[in-house]
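Residue numbers (this note's numbering), protein chains in the order written: chain E, 1 to 289; chain U, 1001 to 1352; chain L, 2001 to 2231.
To be clear, the hints were calculated from the coordinates, so they are not data collected in a lab. All C-beta atoms in this analysis are idealised placements derived from N, C-alpha and C, irrespective of residue type, glycine included. It is possible that some hints are incorrect.
Label pairs and their in silico Cβ distance ranges [as the list claims (entries may be wrong)]: (1) L:Gly-2084 x E:Thr-128: 43 to 49 angstroms; (2) U:Asp-1228 x E:Arg-122: 57 to 63 angstroms; (3) E:Ser-52 x L:Arg-2063: 31 to 37 angstroms.
For lysine to any residue, the following SDA-like pairs were computed, each having C-alpha atoms within a straight-line distance of at most 20 angstroms [stated by the list, open to error]: (4) L:Lys-2123 x L:Arg-2152; (5) L:Lys-2075 x E:Leu-92; (6) L:Lys-2179 x L:Ile-2109; (7) L:Lys-2075 x L:Gly-2037; (8) U:Lys-1255 x U:Phe-1110; (9) U:Lys-1145 x E:Asn-158; (10) U:Lys-1145 x E:Pro-261; (11) U:Lys-1145 x E:Glu-262; (12) E:Lys-258 x U:Ala-1142; (13) L:Lys-2123 x L:Leu-2098; (14) L:Lys-2179 x L:Arg-2221; (15) U:Lys-1255 x U:Ile-1184; (16) U:Lys-1233 x E:Ile-131; (17) L:Lys-2123 x L:Lys-2197; (18) L:Lys-2075 x E:Arg-189; (19) U:Lys-1255 x U:Gly-1149; (20) U:Lys-1233 x E:Val-277; (21) U:Lys-1145 x E:Arg-189; (22) L:Lys-2075 x E:Asn-260; (23) E:Lys-258 x U:Leu-1047; (24) L:Lys-2075 x E:Glu-262; (25) L:Lys-2075 x E:Pro-261; (26) L:Lys-2075 x E:Lys-258; (27) U:Lys-1145 x E:Asp-186; (28) E:Lys-258 x U:Val-1140; (29) U:Lys-1145 x E:Ile-265.
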Amino acid sequence: MLDWLGTIIQGVLLGGLYALFAAGLSLIFGIMRLVNLAHGDLIVLAAFAILSLATWLGFDPFLATLLAMPAMFAAGFALQHVLLNRALGRDLLPPLLVTFGLSIIIQNGLLEAFTADSRRLRLGAIETASIELGGNLAIGVMPLLTLGSAIAVVLLLNLLFYRTALGRAFRATSDDLEIAQLMGIDHHRIYSIAMGIAMVVATIAALYLGIRSNFDPTIGPARLIYAFEAVIIGGLGSLWGTLAGGVIIGLAQTFGAKLNPEWQILAGHIAFLVVVVLRPRGLFPRAED
Amino acid sequence: MPNGDENQLIELAQYRIETKTRASAILALAGVALVLIFAVRGLIQDLIFVFYMLALAQCWNLLAGYAGLVSVGQQAFVGLGGYLLFALTIGAGIDPIAAVVLSGLIAAVFAVPTAFVVFRLRGPYFAIGSWVVAEVYRLVFAQFKQLGGGTGTSLPPSATNEIFGIEWVKEMFEVRSPAARDIITYWIALALAAGAPLLVYLVLRSRCGLALFAIRDSEATAESAGVDSFRAKLGVYVLVAAATGMIGALIYLQKARISPDAAFSVLDWSAYVIFIVIIGGVGTIEGPIVGVIVFYAMQHYLADFGTWYLILLGAVAIVIMLFAPKGIWGYVAQRYRVALFPVQRMLVRPHE
Amino acid sequence: MLETRGLTAHYGDFQALYGIDTVIGPGETIAIIGANGAGKSSYLKAITGLIRAEPDSVRFEDRPIGALGAASILKLGIAMVPEGRRLFSSLTVEENLLIGSYGRNVAGIWSLDSIYGLFPPLKERRTAPSHTLSGGEQQMTAIGRALMSNPRVLLCDEISLGLAPIVIRNIYDAMPRIKQTGTSIVLVEQDIAQAMKVADRVYCFQEGRVSLSGRPEELTREQVHLAYFGH
């Protein structure tokens, strides 16, 4: 019994990481309906940015992340402003191909700059520290921090969405682009700000990714699919939904791994397909769409 | 001039284009079929690659460009076709050519339940869903130890030495078994590459094609006009799965070695195919032809540059999408108003 | 103040407007009537920048604005109440109103309080999600949303569409108060009665052209019928 409880805890904690991967994607998909195939690679890019800052300036990863965040905001803003705003329109396909091209460029650019070697963000003892819960149960401090950060990110983003004028503008643009323009909202600027914010979230995700496991320039696409699954299961426009989606994928994967380590990823995908067949629009979609 | 005569004139003009295209196409095919008398092995391999990528591109184009089903999961059927070929030839001793066809048919059977799952989703959700389904196929096949599990397996020469017609080819062209096998593979690839656009053309000119155009314009309107959009989409999906399965079988007949990661690779069998179709021009039959030529040229001459080649590929994708979102052929066709394979039905206006 | 000269509009190959000349003076209320498909909505869309127009074909305070985009038009002080209300579905009533002043936040008569004064039912429903409102409440919210930008010109596209007569009367009862603030109002309507009652001048559109213009009291029923239907 305690054993299963441990599995559940592991699953929820893993879900926190996936929710962080997915939160930025949820933001962009919710506001501008952009299927960003480069999202996973952008997280990896952020991880390398943190690594570089940490190495060159001798900072620890947390501080390096804090420094990287404004830089990544600017990068996201510029990317949207220069490139992605031009590709967005009524069609699904051009943004798909543009973000695919971006994905390849980022991956191979990173390969050129950093080689294919595996990297890790080092924090010292806290990496493997854990909190004893009695019985044989222990929670890793880092996974707990990851989940905590995911919840904090969702809380902050919801605060932005529901309590600020900018957030209202985001939601209005997402609801009805034409009328939002009629209301004087410069949707291109809105999109650029949203992408900047998404990159900041991606940087936080990158921190926890890099601490938890090795990373190299090519791991982007695998992370991308979990992020998409979480976003879709959660439902369009709901960040809590995305968090729930991440947790569901995390739980499914952990239970799958418990049955047979080879089934971990498969279990996650099956869970996704089950939810999506029963609820094609996700668990917590917005009222209209 | 009354409307009737005008319609006839238009049809006549199109018919002329069609017959011209047909005549030159047949000549071209015959030429291509025989080029291998003089060709070097390397060229044959390259041409086989071009043919099966073209065939895959035409299939994806039918699915996404015409039926509006933007799938990022067609690699499921490529891998399925490949594994079925191995299973049928190694396990059941079936002749490889028959196995290719059979693989396609069995893949079509798998496509039905797959469709019931993925058709629950729309638009971008459908794209991601189809990708996840392909991943499920990959992970499931990695579990089958009989087919090599995660590391895969090879096709033993014994399976392909008895291929139908091999003796005839060996005599005709005075070659040994491996080369003869290549020649037959080449012909199969050619048949698929020529057959795929023909299939697309026939589907679009049929009633099903008309239904697809209607659905693409507005599904709700089409349904209210009596079009069963689910059946139309299911029909196309299964048909494309069959074709893709056959192509996958051919690919792995040629490669003679299969593994789940390679057979179900989203990059090789989706990303590059989508690149070819969109860069060439989605929603046109000519587009994928242009796209595959561009892709092959880039790969052939630049692949040695490794990461820089890939960066260039990504840059090409971005630049063309920003400046010619309809693809190279789409841009050319719009500017110069040409069509080699006219599939559009035109509404003729009476002269004012 | 706001005029169109030879305004034409196309949807792809289809031409909706064939050279529209209209003048809207400061503080005037203009009614635009006409049958379905006459081009009334296209006229408003061309003014607000939702469809393309020649730069000089729309002039505001003697400046050409025809080529400007929707967001810029609002910033000039031209606000639209779109056909079908088109409220933001995930925003509440109050949030819909607030977004009205996002693009153009200028001091003026209209604020949350004064809008609630104009349309008391909205105050009770201020935190309700907009998709739970009745048709009339939605229309009031849409008008309030446009007013929040304190516009110089208020364009109303078929605000009586789909509403019960008593609801329409309630909404039109608010028009005099809006007029008082000196805002010019353009009312595009299929339902002639209410619009003609509040309008200073009327234009009638027929198949993309102005078929009649004048003061409501000067026009006979026969003239209007002819201009409206073409026969």
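Quick rundown of the hints versus the structure:
no., hint, in the structure
1, L:Gly-2084 x E:Thr-128: 43 to 49 angstroms, "59 angstroms, violated"
2, U:Asp-1228 x E:Arg-122: 57 to 63 angstroms, "60 angstroms, holds"
3, E:Ser-52 x L:Arg-2063: 31 to 37 angstroms, "51 angstroms, violated"
4, L:Lys-2123 x L:Arg-2152, "25 angstroms, violated"
5, L:Lys-2075 x E:Leu-92, "31 angstroms, violated"
6, L:Lys-2179 x L:Ile-2109, "12 angstroms, holds"
7, L:Lys-2075 x L:Gly-2037, "29 angstroms, violated"
8, U:Lys-1255 x U:Phe-1110, "23 angstroms, violated"
9, U:Lys-1145 x E:Asn-158, "48 angstroms, violated"
10, U:Lys-1145 x E:Pro-261, "16 angstroms, holds"
11, U:Lys-1145 x E:Glu-262, "13 angstroms, holds"
12, E:Lys-258 x U:Ala-1142, "18 angstroms, holds"
13, L:Lys-2123 x L:Leu-2098, "13 angstroms, holds"
14, L:Lys-2179 x L:Arg-2221, "26 angstroms, violated"
15, U:Lys-1255 x U:Ile-1184, "14 angstroms, holds"
16, U:Lys-1233 x E:Ile-131, "54 angstroms, violated"
17, L:Lys-2123 x L:Lys-2197, "28 angstroms, violated"
18, L:Lys-2075 x E:Arg-189, "16 angstroms, holds"
19, U:Lys-1255 x U:Gly-1149, "18 angstroms, holds"
20, U:Lys-1233 x E:Val-277, "18 angstroms, holds"
21, U:Lys-1145 x E:Arg-189, "54 angstroms, violated"
22, L:Lys-2075 x E:Asn-260, "62 angstroms, violated"
23, E:Lys-258 x U:Leu-1047, "47 angstroms, violated"
24, L:Lys-2075 x E:Glu-262, "59 angstroms, violated"
25, L:Lys-2075 x E:Pro-261, "60 angstroms, violated"
26, L:Lys-2075 x E:Lys-258, "60 angstroms, violated"
27, U:Lys-1145 x E:Asp-186, "57 angstroms, violated"
28, E:Lys-258 x U:Val-1140, "17 angstroms, holds"
29, U:Lys-1145 x E:Ile-265, "18 angstroms, holds"
Hint violations for this structure: numbers 1, 3, 4, 5, 7, 8, 9, 14, 16, 17, 21, 22, 23, 24, 25, 26 and 27, all remaining hints satisfied.
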